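Asker: The residues making up each chain are set out below.
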Amino acid sequence: MKKGRQIPRIAWPLFALGLILFFNLVFTDSFFAITIKDGHLFGSLIDILRRSAPTLIMAVAMTYVIATGGIDISVGSVLAISGSIASLVVWGGNTQYLTSAGSQYYAPMLSIILIPLVASILLGAFNGVMVSFIGLQPFIATLILMTAGRGLAQLLTGGKVLNFRHAGFEFVGRGYLFGLPFPFLLALGVIVLGTVITRLTPMGLYIQAVGGNRSASNFSGVNTRLVLLFVYIFSGFAAGLSGLVMTSDITGADAGFMGLYMELDAILAVVIGGTPMEGGKYNVGGTVVGVLIIQTLTTTILTKGIPTEYTLLVKAIVVVVVLIIQSNKMREVMGKRQGKMIAKGGAAV
Amino acid sequence: MSRKRLFQISRRDMPLVATFIVFLLLYAFGGFSYRNFMTPRVFFNLLTDNAVLGITAVGMTFVIISGGIDLSVGAVISTTAMIVAVLTQAGMNNVFVIAIALLFGTTLGFLMGGMIQYFKTPPFIVTLAGMFFARGLGYVLSLGSVPITHPFYTNASSIGIKIGNGKLSMPAMALLAMILIGWFISRRTRFGRNVFAVGGNEQSAILMGLPVTQTKIAVYTFSGFCSAVAGFIYTFYTLSGYGLAAMGLEMEAIASAVIGGTLMTGGYGTILGTLLGTLIQGLIKSIIAFNGQFSVFWIKLFTGGMLLGFILLQKIFVYGTKSRRRKR
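Just so you know, the protein sequences line up as chains V and B, in that order. Take the first sequence: its letter number 55 is residue 35 in the numbering used here, and every next letter is one higher. Count along the second sequence starting at 1, add 760, and that's the number in the numbering used here.
In case anyone wonders, no lab produced these hints; they're calculated from the structure. Hints should not be assumed to be uniformly reliable.
Straight-line C-alpha distance at most 25 Å; calculated DMTMM-like pairs for lysine to aspartate or glutamate [unchecked claim]: (1) LYS880/B <-> GLU258/V; (2) LYS261/V <-> GLU962/B; (3) LYS1075/B <-> GLU150/V; (4) LYS927/B <-> ASP773/B; (5) LYS309/V <-> GLU962/B; (6) LYS284/V <-> ASP27/V; (7) LYS17/V <-> GLU150/V; (8) LYS880/B <-> GLU312/V.
To list a few chain V residues with every Cβ distance to chain B over 12 Å, as calculated [unchecked claim]: (9) LEU90; (10) ILE124; (11) GLY129; (12) GLY201; (13) ALA235; (14) GLU289; (15) SER307.
Since this is a predicted model, take the numbers as computed values, not measurements. Note that the Cβ used here is the ideal one computed from N, Cα and C, for glycine as well.
If we strip away everything but chain V, and leave its shape as in the complex, we get (with noise of 0.2 Å):
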């Protein structure tokens, strides 16, 4: 704090969601209290983790899609996909008896998981094809999948919603382990997973590289082809993942509306938290902190008893708000202010 006074990036979304956690401490009774239920931890924060799961899986991931200056608005329909083929495994494939109440068919605990993040993997590979090695644009190449995906998904439940019940699978989305909900900890897998991934390997240098200029990357020696698949298979990775969860919760799949519009929530989640769209740079903390501002402030508002038709007003305000802060224009009108205050001090930047 001594040399130049810079503000970091994330202190404008943590500044944000103190302001919302603030306006529950004083306008919300027992917002903060946890208690111990049925042996794990109970209360509106930890509800707020657990809900926040899917989208912060998701928005994990695609900070480093954006990073490497691309976009994923696959992700939805991949989720819906990965939960579709999810709950059709746990039916054996057989989606005949769908109207009765629940599946007397235990599929093995692996194949519900694995089976949808195989597919998962296999159309993030199709997109990171079509961006590095086809070299379309992210956006483009991406809406390809969103469009199709949705379509596929409903081909295979055939547009029914699919219901099961299993013990096993259930757990991924609505269990607890070490009191914690198991979703969450999930998320906080993929948020290690991916840190292991490029702080331990050069990855996370090469995805900022080939944010900032990918041609200059490539002849430079970093093989930009095979970083841009890396970031869109994680991507699909942790869509179907976060299918998995979502299925699991809701112990069912509804292929035409799950995750629809998810893609937008994380990307959101991720511009919040201060990673620029432009490429380049990234902040994972930041991405975590947006998905948790968006959630708390759902939560909040169903708290308070306001009506969910102003969920979405609420949101594009805070959003606005959120921007505006963290634009450039406001950075300069910070940065001057910053100037004058250095200058005085006689230290230079």
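The hints should help you fit chain B onto chain V, whose structure is shown.
Answerer: Positioned in the frame of chain V, the structure of chain B alone reads:
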């Protein structure tokens, strides 16, 4: 290329030609496969059924040519329809209702453009916030469906010019009018040329002294206006306002522009191509409806496949000419 050509098509127009050929092929396929497909009725219904998408796509094309994107269009359509429904049911004069409805979309577009330009925030996120705002407003007005019973709207569906066994309906006329206006603006006005210049290279446009700020704000304003017009036309079909209407239409509008040859990086695109892109998506829907065996879910798969095919085709053309330097 010194020879002055009459029939020679410039390389730049190749994507448009390719789109047109695919449109003809699809139409011919429909005509050979199903009786009554090549009748005026089916053709004019194609225009009528895709009027909302087409009108929206005109505004979207301008935004994409300028190098931006507008995700709010679907929400603006549904909220415009909702405003029309609520105000009409409240007994307000039709002229005022239409004015307020059009003003809503246009103002929202203007505000979004201003925010994008003034705060230098990404269009993707700003128009996403615009989408939240418009949808939210629609929900606040009414969570359910609001019917419109005013005779002006119930009679409007019967207005039209009979051609053969088909009818050039009012939505179809509105579509053609907006396409004409869009074409005129893009090709015959200074503003149109500025949009191409800004999308091609914003820095150069600034250095050339073009009014970049005004152009970019105007582009989003125009897109908002187009969506509002589309939303107004939408009320003629459904005779109601519904907050969940036109979900995902923004992506269809983007697909229309892209299939029509508009480059997402900005700087190139045609309104005629966008019309063809819209009609191609409509043809896919018609053919699947005529077939009757495929489920509606195939529409999305086919549209996605079509999108992929077009992009690859364009890629080959662009690669073939080598005249365009690659972005990124």
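Asker: Determine for every hint whether it applies to the structure shown.
Answerer: Hints versus structure:
This hinted pair checks out: LYS880/B and GLU258/V have alpha carbons roughly 12 Å apart, not beyond 25 Å. A threshold of 25 Å between alpha carbons decides the hint, and for LYS261/V with GLU962/B the separation of about 22 Å falls inside it, so the pair holds. A threshold of 25 Å between alpha carbons decides the hint, and for LYS1075/B with GLU150/V the separation of about 45 Å lies outside it, so the pair is violated. Proximity of LYS927/B to ASP773/B is assessed by CA-CA distance (about 32 Å); at most 25 Å being required, the pair is judged violated.
This hinted pair checks out: LYS309/V and GLU962/B have alpha carbons roughly 19 Å apart, not beyond 25 Å. At roughly 15 Å between alpha-carbon atoms, LYS284/V and ASP27/V fall within 25 Å of each other, so this suggested pair holds. Of the supplied pair hints, the one linking LYS17/V and GLU150/V holds, its CA atoms being roughly 19 Å apart against a limit of 25 Å. With a CA separation close to 12 Å, the supplied pair LYS880/B and GLU312/V stays within the 25 Å bound.
Against the 12 Å criterion, LEU90/V stays outside the reach of chain B, whose nearest CB is about 29 Å from its own CB. For ILE124/V, the shortest C-beta to C-beta distance to chain B comes to about 5 Å, within the 12 Å cut-off, and the non-interface label is violated. Its closest Cβ contact with chain B, about 7 Å, brings GLY129/V to no more than 12 Å, contrary to its assignment away from the interface. Every CB of chain B is more than 12 Å from the CB of GLY201/V (nearest about 18 Å), matching its label as outside the interface.
With a least CB separation of 8 Å from chain B, ALA235/V falls inside the 12 Å interface cut-off, contrary to its annotation. Its closest Cβ contact with chain B, about 4 Å, brings GLU289/V to no more than 12 Å, contrary to its assignment away from the interface. Distance to chain B contradicts SER307/V as a non-interface residue, since its nearest Cβ pair spans about 4 Å, not more than 12 Å.
The structure is inconsistent with the numbered hints 3, 4, 10, 11, 13, 14 and 15, although it conforms to all the rest.
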